[in-house]
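> If you read the protein sequences in the order shown, they are chains P and S.
Count the first sequence with my numbering and you get residues 1 to 563, in order.
Count the second sequence with my numbering and you get residues 564 to 1120, in order.
It should be emphasised that the hints constitute simulated quantities derived from the structure, not laboratory data.
Take the hints with a grain of salt, since some may be wrong.
[What the hints assert, rightly or not] SDA-like, lysine to any residue: derived pairs with alpha carbons at most 20 Å apart:
#, chain 1, residue 1, chain 2, residue 2
1, S, K800, P, R100
2, S, K665, P, T229
3, S, K927, P, I219
4, S, K800, P, L89
5, S, K665, P, R204
6, S, K665, P, R241
7, S, K927, P, R214
8, S, K665, P, A207
9, S, K676, P, Q223
10, S, K665, P, S103
11, S, K665, P, Q223
12, S, K676, P, P217
13, S, K800, P, F199
14, S, K665, P, A233
15, S, K575, P, A233
16, S, K665, P, R231
17, P, K16, P, A335
18, S, K800, P, T137
19, S, K665, P, D238
20, S, K800, P, R108
21, S, K927, P, Q223
22, S, K927, P, T229
23, P, K149, S, A807
24, P, K16, P, A233
25, S, K665, P, I219
26, S, K676, P, R214
27, S, K800, P, K16
28, S, K676, P, E136
29, S, K665, P, R214
30, S, K800, P, E136
31, S, K665, P, P217
32, S, K665, P, G206
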Amino acid sequence: MDRSAPDFRLLKTRQKARRAAWLAELGKSGGGMTRIAGTVLTLESVAAIGFAAALAYGLTALPRGLPAAAPWLVLGVVSATVRGGCGFLSARTGAEAARRAKSILRDRMTRHSLALPLSQRPETGALMTAAIDRVETLDGYIARFLPAKAAVSGLFLVLVATAVASPVGAAILAATLLPFIFLMILAGTAAADQAAAQFQAMMRLGAVFADRIRALPLILAFQAEAAETSRLAQAAGDLKRRTMAVLRIAFISSAGLEFFAALAVALVAVYCGFNLLGLAPEFVQPFHFGHLDLARAFFILALAPEFYLPMRRLAATYHDRQSAETAADGLMAIAAQAPPAAAAPLALQAAPRIRFDHVMLRYPGHDHAVLDAFTLDIAPGQTVALLGPSGAGKTSILNLLLGLVEPTQGRVFIDDHALGPLATVAGSVGWVGQSPLITAGTLAENIALARPDATGTEILLAAREAGLSAMLATRAQGLQTDIDERGSGLSGGERQRVALARFFLNPAPLLLLDEPTAHVDAAAEEALVASIAKAAQGRTTLIATHSPRLAAIADRIVRLEAE
Amino acid sequence: MTVLSQLIAAEKKAQRGWLAIACLASMAVAAGSVALLGVSGWFITASALAGLAGPLAAGAFNYLLPAAIIRLCAILRTGGRYAERVIGHDAALGALARLRPKIFAGIMAAPVKFALGLSVGDASSRMVQDVDLLEARFVRIPVPWGLAVGVLTGMVILVPAGIAPALATLAILGITIGCGWLLACLSAEAGRNVQRVTARLKDRYATLVSSASELRAYGLENWAAQEIARESEALLKAQKQLTAWGGWFALLQATAAGLAAMLAMALSAHQFLPLAAMAALGAAMTVDCAGPFLRGLEAQGGWAEAAHRLERLLEAPTVSTGIAVRPAERPEIRFLRFGAVLVPGSVTGLTGRSGIGKTTILEKLVGLRHDDDVTILLDRWSLPVIDPADLRRAFAYAPQDAAMLAGSVRDNLRLAAGEATDDLLWQALEDAALADTIRALPQGLDTWIGENGAVLSGGERRRLSLARAYLRAAPWLLLDEPTAGLDQATEQRVVERLRARLAASGQGAIIVSHRPAPLALCTALITLHESGAEVLGQSAEGPSRLGGHSLHISPAV
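Between the sequences and the hints, there should be enough to build the whole structure, so can you do that?
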């Protein structure tokens, strides 16, 4: 027990270091845009100095008449506009940096997710949240936080300008900065722990809510609405308390900011006032370049609030950093999953022999194996129907052949090649599932997914072979009929036929079908079975199905028992 | 008035006192900020003039009062800001903590078609993130008050320098707010666009990533990644535009403040110098006061969208059949299509190949399907006309997927009987042949079983689901594949105890199964086919096969 605490701390430190490295890498992927955004924001401080000078020297020129003050007034307006322009440019370049970084990251996440074996792949919903929502939460970090961080150096520009006008004024500002930074560190340390607790409470609320939505049928069936609502109220109340704890600390530190900013203005004003009155203590006199005149006094007064601006800006974007850290943890967890090895596809020339040799398959986190010592030898060209209740491993057998899952034990052979990282049959398999992939586009484009270079005639032939002729005859635009993402307007049978047409367009020597008639009515099933029988000719075919009618076309039936 | 705005209005009313204090604090901040710089400017300039006039004038100059005002303003600004934030957020977060359960309750009261059709991720992000966005709206309630007082203070400072600088500042402020409003309208459209393209990207992403087999078979993974990247570009562009709108607000605010200061200075050129100084700084700060207000305008698009999404969640029509029918305490179940009447206390088996619709029948009975099926009656009434609450009262359901809440064993059992004692819980576990397993767990009933019971094996989960159904005092048990995944010995124990339990409680049951052991409990068997059903059973008159009339399936005598 006494050892575990330091270990835990070590892990936390490591995680922090990894996260910092990850975020630094991310920041770099914004390219030069992040640097530009930061530089432009630093220049804002220069414009602020110009504005303060315009105020001070414009005012002192005022007694000499408006024409004398006019150049300063113009400088003031120009400085203010430049200042706004800096903010404008920084927002734009920051947004562009964020766009670039997110684009690279999202593409990486997508490719990684698509390549992960199904057994390791988190649920689609979780992957989607990661690749879309989590990546989006990095926006503020790159677009605002990083430039604001780079622009903190602007306060030194202001300090130097103040020192030129009045070293004592600069000393007052610098003196208020020290306790301010001390306070920030203090509040920041406390806030980090509180923020972690708050984040957990938020996750808990999200998890409770997601769980109860998922289990809604249960809650409704057992009429437990009131009890679950009060449980949710509890989680929400907990989140509120923890959020307030974080906010109190955040507000203390921003009150500290406010206080020192206000104090700096007040101290500078009082010091300048006394000095101008000639009431300043003797010992500060030698630090002036001559007597502090009104222009310089006014200049440092106008500059005092600017001194704190970069820090306040950074504090305002601090939550961007916190949400980026959270998102980074989630994204890193997915990226850390075993990087899939690039598999070399086997080019199958003729219908292959398939052999499952004592294959055991157990999904991580499950206590029993889906397949145990599963052995099956399929001769080239044979059609095999896999029957059995749901959960007996029918789909898993097909996924083993596709290399989407890897056997826990045992091996799968195609002809004489053992499947594995070095050999898959991806690209030389035909596939018809329960709910074929339909994408927005024409019918022809949907079929041509199997072979993008196919000619119109080839597509038409494939469609006919798959039994789509009758359906095409009823559409004015035939194969050019537009289909939306959800495949509206296509019946269940027609979707299956589109999948079958894909196979006919790219007739592979191995055909896998996963409950192809599950969502099809009896009449459509009969017609579809005939087309499937035609497709199966001359290929090694595996059909997972519940339908006796479909199983009847097989040369061989394999029954799987659920454990 | 929408349901959401009613809820928000009620919360505002409940928090009125605290919100008023937050508003006062916000006013103090604004007054303090404007006065701090204005008075400082006056003070320095007046000191300089007094200093120039010689030691006598300097000695007569009252520096104590302005110095005190400056310090007071600094404290007022800091303290006010802190109070405004803490009080405002506390009130807002409290309101939202109450809003969340209300939204959840609203979802549960909606028709099942709507409630069960919600995507888990979507619904929970509305509940967590969208409600968070509403918080920002609550927090901004004091902002207009602060602005008003800031402007008022600004006028007090500017008017001594003349009406012209005061009016000029007001004009610039007005134009700034007008431009801000215009920008807000434009950026709101950008915000809506982000929502739209996000939804499209998510659809595309879900479709492609869940078609793993097809992508692998045809080697389409690269194509899928490119498709996703193409939709993603649209989102990235939309989000970039939205982020970039922030730049316009920065430009507007800085330019306006600078312009106001210079204009106020120019217009008070003929004035006593300290007044001109006060006017210049006061004008800049007055316009600066509009900052929080402008930021509020900028965020408004996001709030409106969030509110809109939440409203859709809340405003699904609540269930009301309009007809007051109430089935008897122990109703009978009639299947008009199969010609079978299930008398209270009878035990019927339901069988047929998978996918034929056995589970659907149970789900219709429990009111978990939106359906106009009028061929199933509870007493004399068809299911669609019965209030779901009355319908559900008649059934204790052990679903096929043996779904579990993320929680402890006790949480899951208590779902069926909130007030049940531990003795009752153990008795139900005993009857489901699970008591020994749970007793062996380190924390017994308090063991956390993970999301959807992930810690338990399939068989254990199924028996826990059975125990839960046993705990609900309903006239009918609906058991969907109660012994699937159990070994023979366990199955036998489960079936024997179920037999004893049914005999003792007099409950009726419908048991969906493929297996002989549980079906052996049944006095009647309904076998579903593609073309209809075959009913075999024990009626009050003895064993019989369905003829021209309905078969009344009664409890075994």
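> If a hint holds in the structure, say so; if it does not, say that too.
To see whether the hints hold, each was checked on the structure:
1. Proximity of K800 of chain S to R100 of chain P is assessed by CA-CA distance (about 10 Å); at most 20 Å being required, the pair is judged to hold.
2. The straight-line distance between the Cα atoms of K665 of chain S and T229 of chain P is roughly 8 Å, inside the 20 Å bound, and the hint therefore holds.
3. Note on K927 of chain S and I219 of chain P: the hinted pairing holds, with a Cα-Cα distance of about 15 Å set against a maximum of 20 Å.
4. As the CA atoms of K800 of chain S and L89 of chain P are separated by approximately 17 Å, the hinted pair is consistent with the 20 Å bound.
5. About 18 Å separates the Cα atoms of K665 of chain S and R204 of chain P, which keeps this hinted pair within 20 Å; it holds.
6. Annotation: proposed proximity of K665 of chain S to R241 of chain P holds, straight-line Cα distance about 19 Å (limit 20 Å).
7. Pair hint K927 of chain S plus R214 of chain P holds up; C-alpha atoms about 19 Å apart against a cutoff of 20 Å.
8. About 17 Å separates the Cα atoms of K665 of chain S and A207 of chain P, which keeps this hinted pair within 20 Å; it holds.
9. Of the supplied pair hints, the one linking K676 of chain S and Q223 of chain P holds, its CA atoms being roughly 17 Å apart against a limit of 20 Å.
10. This hinted pair does not check out: K665 of chain S and S103 of chain P have alpha carbons roughly 38 Å apart, beyond 20 Å.
11. With a CA separation close to 17 Å, the supplied pair K665 of chain S and Q223 of chain P stays within the 20 Å bound.
12. Of the supplied pair hints, the one linking K676 of chain S and P217 of chain P holds, its CA atoms being roughly 11 Å apart against a limit of 20 Å.
13. The straight-line distance between the Cα atoms of K800 of chain S and F199 of chain P is roughly 29 Å, outside the 20 Å bound, and the hint therefore fails.
14. Of the pairs offered as hints, the one joining K665 of chain S and A233 of chain P holds, with about 9 Å between alpha carbons and a cut-off of 20 Å not exceeded.
15. Taking the CA atoms of K575 of chain S and A233 of chain P, the gap is near 19 Å; set against the 20 Å cutoff, the hint holds.
16. Using a Cα cut-off of 20 Å, the hinted pair K665 of chain S and R231 of chain P holds, with the two alpha carbons roughly 12 Å apart.
17. For the hint pairing K16 of chain P with A335 of chain P, the CA-to-CA distance comes to about 16 Å; that is within 20 Å, so the pair holds.
18. Annotation: proposed proximity of K800 of chain S to T137 of chain P holds, straight-line Cα distance about 15 Å (limit 20 Å).
19. For the suggested pair K665 of chain S and D238 of chain P, the alpha carbons sit about 16 Å apart, so the restraint of at most 20 Å is met.
20. With a CA separation close to 18 Å, the supplied pair K800 of chain S and R108 of chain P stays within the 20 Å bound.
21. Only pairs whose Cα atoms come within 20 Å are accepted, and K927 of chain S paired with Q223 of chain P is accepted, the gap being roughly 15 Å.
22. For the hint linking K927 of chain S to T229 of chain P, the alpha-carbon distance of about 24 Å lies beyond 20 Å, and the restraint is violated.
23. Proposed proximity of K149 of chain P and A807 of chain S is supported: the alpha carbons are some 19 Å apart, at most 20 Å.
24. Among the hinted pairs, K16 of chain P with A233 of chain P is inconsistent with the structure: their alpha-carbon atoms are about 33 Å apart, more than 20 Å.
25. For the given pair, K665 of chain S sits about 16 Å from I219 of chain P by alpha-carbon distance, which is consistent with the 20 Å threshold.
26. Note on K676 of chain S and R214 of chain P: the hinted pairing holds, with a Cα-Cα distance of about 14 Å set against a maximum of 20 Å.
27. For the proposed pair K800 of chain S and K16 of chain P, the alpha carbon gap of about 31 Å is over 20 Å, so the pair is violated.
28. Of the supplied pair hints, the one linking K676 of chain S and E136 of chain P is violated, its CA atoms being roughly 31 Å apart against a limit of 20 Å.
29. Taken as a hint, the K665 of chain S and R214 of chain P pair is honoured in the structure, with Cα atoms around 18 Å apart against an allowance of 20 Å.
30. Among the hinted pairs, K800 of chain S with E136 of chain P is consistent with the structure: their alpha-carbon atoms are about 12 Å apart, no more than 20 Å.
31. The hinted pair formed by K665 of chain S and P217 of chain P meets the criterion: a straight-line CA distance of about 19 Å does not exceed 20 Å.
32. Taking the CA atoms of K665 of chain S and G206 of chain P, the gap is near 15 Å; set against the 20 Å cutoff, the hint holds.
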